[in-house]
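Enquirer: From first to last, the protein sequence lines stand for chains Z and C. Using the working numbering, read the first sequence as starting at 1 and increasing by one per residue. Using the working numbering, read the second sequence as starting at 1001 and increasing by one per residue.
Simulated from the structure, these hints should not be mistaken for laboratory data. Positions of the beta carbon are idealized from the N, C-alpha and C atoms, including for glycine. Among these hints, one or two may not hold up.
As the list claims (entries may be wrong) - Straight line, CA to CA, 25 Å or less: simulated DSS-like cross-link-like pairs of lysine-lysine: (1) K1178(C) / K1223(C); (2) K403(Z) / K1079(C); (3) K377(Z) / K1079(C); (4) K76(Z) / K1053(C); (5) K1053(C) / K403(Z); (6) K403(Z) / K1033(C); (7) K1298(C) / K1265(C); (8) K1086(C) / K377(Z); (9) K1188(C) / K403(Z); (10) K362(Z) / K377(Z); (11) K1077(C) / K1032(C); (12) K1188(C) / K81(Z); (13) K81(Z) / K1133(C); (14) K76(Z) / K1079(C); (15) K1079(C) / K1033(C); (16) K1053(C) / K1298(C); (17) K1223(C) / K1329(C); (18) K1133(C) / K76(Z).
Said to hold, decoys possible - Not close to chain C: a few residues of chain Z, all C-beta gaps over 12 Å, as computed: (19) P20; (20) P21; (21) P22; (22) T71; (23) F170; (24) V186; (25) L346; (26) G374.
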Amino acid sequence: MAGQSKIEAYIRTEMAPTMPPPASTVGIVGWMRANLFSDWINTVLTLIGMYLVYITLQTVIDWAFIRAVWTGEDNKACLDKEVGFHVGACWAFVGSKFSQFVYGRYPLEERWRVDITFLVGAVGLAWMIIENAPYRKWVAIFMLALFPLMALILLTGGNFELSSGSWKAFSLLSIIALVGVAFVGVRAQTKGSDFDLSTALMIPAAILAYIFLAYFLVDFDFGMAPVETSQWGGLLVTLVVAITGIVASLPIGILLALGRRSEMPVVRMASVIFIEFWRGVPLITVLFMSSVMLPLFLPEGVNFDKLLRCLIGVALFSAAYMAEVVRGGLQAIPKGQYEGAMALGLPFWKMMGLIVLPQALKLVIPGIVNTFIGLFKDTTLVLIIGLFDLLGIIQLNVTADAKWFAPSVHNTGYVFAGLSFWIFCFGMSRYSIYMENKLHTGHKR
Amino acid sequence: MKTKILAIAAGAAISMVAAQAASAATLDDIKKKGHVQCGVSQGLAGFSNPDDKGNWTGMDVDVCRALGAAIFGDATKAKYTALSAKERFTALQSGEVDLLSRNTTWTATRDTALGLNFAGVNYYDGQGFMVRKSLGVTSALQLAGAAICTNTGTTTELNVADGFRADKRRYEVVAFEKADEVVQAYDKGRCDVYTTDASGLYSQRLKLANADDHIVLPEIISKEPLGPVVRQGDDQWFNLVKWTMYLMLNAEELGVTSKNVDEMKSSGNPAVKRILGVEGNFGENLGVGNDWGYNIIKQVGNYGEVFDANVGPDTPLGIARGVNALWSKGGIQYAPPIR
Chain Z
1 MAGQSKIEAY IRTEMAPTMP PPASTVGIVG WMRANLFSDW INTVLTLIGM YLVYITLQTV
61 IDWAFIRAVW TGEDNKACLD KEVGFHVGAC WAFVGSKFSQ FVYGRYPLEE RWRVDITFLV
121 GAVGLAWMII ENAPYRKWVA IFMLALFPLM ALILLTGGNF ELSSGSWKAF SLLSIIALVG
181 VAFVGVRAQT KGSDFDLSTA LMIPAAILAY IFLAYFLVDF DFGMAPVETS QWGGLLVTLV
241 VAITGIVASL PIGILLALGR RSEMPVVRMA SVIFIEFWRG VPLITVLFMS SVMLPLFLPE
301 GVNFDKLLRC LIGVALFSAA YMAEVVRGGL QAIPKGQYEG AMALGLPFWK MMGLIVLPQA
361 LKLVIPGIVN TFIGLFKDTT LVLIIGLFDL LGIIQLNVTA DAKWFAPSVH NTGYVFAGLS
421 FWIFCFGMSR YSIYMENKLH TGHKR
Chain C
1001 MKTKILAIAA GAAISMVAAQ AASAATLDDI KKKGHVQCGV SQGLAGFSNP DDKGNWTGMD
1061 VDVCRALGAA IFGDATKAKY TALSAKERFT ALQSGEVDLL SRNTTWTATR DTALGLNFAG
1121 VNYYDGQGFM VRKSLGVTSA LQLAGAAICT NTGTTTELNV ADGFRADKRR YEVVAFEKAD
1181 EVVQAYDKGR CDVYTTDASG LYSQRLKLAN ADDHIVLPEI ISKEPLGPVV RQGDDQWFNL
1241 VKWTMYLMLN AEELGVTSKN VDEMKSSGNP AVKRILGVEG NFGENLGVGN DWGYNIIKQV
1301 GNYGEVFDAN VGPDTPLGIA RGVNALWSKG GIQYAPPIR
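Using the sequences and the accompanying hints, generate a full structural model.
Expert: Have a look at this one:
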């Protein structure tokens, strides 16, 4: 017995209190030990990495802040021999030219129109991409249908003075189109198909009404001073070209991709030719062609707006790329999906719209955004046809304004251009990742 | 490659279209639309560059402003199209611009084969060299075996080849597409010599880290007379551009400036009276108002004023008049009299 009680003295009657884990395995120290200094190779790599980060950051901060010049009227503020030290960034230059970088040569007293366009565009865009925002659908309709019109009228001043002849021609065409649809509908009905005439007429009627409205609005004199596109510049041109290209290329691209996979030979051939033609020529050639060659082929006195020519070129060019991206997505959809949709009795457009395209487009979001980002950066090429986009106007001021000639001005200008483009492209890329995460359904690793 | 083919095709098309595109009455068109459409460069300091507000200024721009003043009595009645070197002639041919005032060198080919006419010379330029002072070079003739920085595809490259080959000196060309890249390469020491048009040398020098360490050598190895260009076959418009430039030279010669033009109107000198339109109907003969001369001088200034305001010694460029001085002051700027 005595032996037993002796043993009992060594048996715990209650749980020992849990000790905190060793200080070296928790918190920031533990994390660093586990991830940065786990063995000697990682330790060496970490130290090298930290050294690289240190010298990079030090150089950047030294250039961008410590040796930077923030205020000044001309290059005297940013010349080494005038200020007595080796000047880093010359932010004074960016400050004094900032409004030119944003608006180009847009007349000072009319710049509020650009501001309103930017503001409405930004608010509308934010509204559309924020989930759970109220009235999202209506905002989307506004942004797609009315905002382009509004931007066009605000930026150019509207009042295009369309001839009465074009009004008449347009009215005649629209009546013919409506009658045509009605005729086809009536025939289909007599054949006994369940073609619903009123809904079939609704869509073309809505489109025609929209075009009528657009026609009326651009013809209407709002009393704003006209501003020619040759006066636009800077961020304004970059955004106009990029957004038009992005917005136009997706629907055209989808149609082309469907056309290329169509079983109708004419549609297929037309799509293939279009895509291969536009993909086969460099964008520079397209722009050069639109600005230099096109005027030679037009009768004298007929002059398309240069920016408009460029917009059309960019939109068609990027649509061809988009078509191939979308086609990749369409090919990834198993045949069973098509068959299933057909088995349900869905007609072609419903099959595509409800079953195939939602899956296909979701798959190729990275590819689509890739094309968008590429397009955004390609807008800088418009410089070669004499349009001054953001990079172009910065380059113009850096290279041609003798008042601001200085080595530091030069570097600052290009760094600023790079930063601005990075912000936009990075924003697009983050949104695409957000969309992918939101829409991931079963194909995420 | 593609662009090269295109350029050739464009060239062919230009010569085809050239004959028909030369519309007869540019001046009437201009009066109808209410402004002069002017092709300028995409940015060349002192010739066509944006000011703080983004308005175009410069010597080439002032030619257009003078025409606006001559035709409409308002120098602001000129609009500008920025043109790249490649598209400039097509833009003029196709009627997109009425006048090309874009530091374009007057050469035989351009004057004869492209269906264009050069209306005069508003700046006599020539290719020069810049070197580091530390090299100890004082003449371009001492530059044997040098690495030379220049732009690709311009006449400067050919001029260098001509000059160096003539006396069998070795050299190496380091060529870049953009003037900016050339300057950076020169500044970083990738070459010993930087060559381009002398007017450009002065402006590019300001972009160097230490502008004072470099000198522009005295030799000029090419002739680059820069001037405005119009379409061939419209003599009325050609005359107006030509005489607008002559008028500004004559005004400098007679001492008429934008400041004293109002007093000069009552001057007793018949030559002054003629250029200001007090006497004679020279304006009417050109298809504009007789006070065209007064308007040009009042709003734009005489040639000397334009030179000084844009590229002269008091500007950052600080270019001396040199050969661009009046003939009476040792230069070669000479205008036929207005009488």
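Enquirer: Could you run down the list of hints and mark each one as holding or not?
Expert: Hints and how they fare:
Between K1178(C) and K1223(C) the CA atoms are separated by roughly 22 Å; this keeps the pair inside 25 Å, and the hint holds. A hinted pair counts as satisfied when its Cα atoms are at most 25 Å apart, and K403(Z) with K1079(C) qualifies at roughly 23 Å. Taken as a hint, the K377(Z) and K1079(C) pair is broken in the structure, with Cα atoms around 29 Å apart against an allowance of 25 Å. At most 25 Å may separate the alpha-carbon atoms for a hinted pair to count; K76(Z) and K1053(C) meet this at roughly 19 Å.
Proximity of K1053(C) to K403(Z) is assessed by CA-CA distance (about 13 Å); at most 25 Å being required, the pair is judged to hold. A distance of roughly 34 Å separates the Cα atoms of K403(Z) and K1033(C); the hinted pair therefore is violated under the 25 Å criterion. Our distance criterion of 25 Å between C-alpha atoms is met by K1298(C) and K1265(C), whose separation comes to about 11 Å. At most 25 Å may separate the alpha-carbon atoms for a hinted pair to count; K1086(C) and K377(Z) meet this at roughly 23 Å.
Under the criterion of a C-alpha separation no larger than 25 Å, the hint pairing K1188(C) with K403(Z) is consistent with the structure, at around 23 Å. Restraint check for K362(Z) and K377(Z): satisfied, since their Cα atoms lie roughly 24 Å apart, inside the 25 Å limit. Between K1077(C) and K1032(C) the alpha-carbon distance is near 12 Å, which keeps this suggested pair within the 25 Å criterion. Proximity of K1188(C) to K81(Z) is assessed by CA-CA distance (about 18 Å); at most 25 Å being required, the pair is judged to hold.
Distance restraint check for K81(Z) and K1133(C): the Cα-Cα separation of roughly 18 Å lies within the 25 Å cut-off, and the hinted pair is therefore satisfied. Among the hinted pairs, K76(Z) with K1079(C) is inconsistent with the structure: their alpha-carbon atoms are about 32 Å apart, more than 25 Å. The suggested pairing of K1079(C) with K1033(C) holds, with an alpha-carbon distance near 11 Å, which does not exceed 25 Å. Distance restraint check for K1053(C) and K1298(C): the Cα-Cα separation of roughly 23 Å lies within the 25 Å cut-off, and the hinted pair is therefore satisfied.
Simply put, K1223(C) and K1329(C) have alpha-carbon atoms about 20 Å apart, close enough for the 25 Å limit, and the pair holds. A C-alpha spacing of about 23 Å is found between K1133(C) and K76(Z), which places the hinted pair at or below 25 Å, so the restraint holds. Interface exclusion of P20(Z) from chain C stands, the closest Cβ pair being 58 Å apart, more than 12 Å. Every CB of chain C lies more than 12 Å from the CB of P21(Z), the least distance being 56 Å, so the non-interface label holds.
Residue placement check: P22(Z) keeps its beta carbon more than 12 Å from all beta carbons of chain C (closest about 55 Å). Residue-level check passed: T71(Z) sits 15 Å from the nearest beta carbon of chain C, beyond 12 Å. Every C-beta of chain C lies more than 12 Å from that of F170(Z), the closest at about 27 Å, which supports listing it as non-interface. Chain C leaves V186(Z) outside its interface by the beta-carbon criterion, the shortest separation being 50 Å against a cut-off of 12 Å.
The claim that L346(Z) lies off the interface holds: its Cβ sits roughly 45 Å from the closest Cβ of chain C, which is beyond the 12 Å cut-off. Residue placement check: G374(Z) keeps its beta carbon more than 12 Å from all beta carbons of chain C (closest about 19 Å).
Of the numbered hints stated above, those contradicted by the structure are hints 3, 6 and 14, listed in ascending order.
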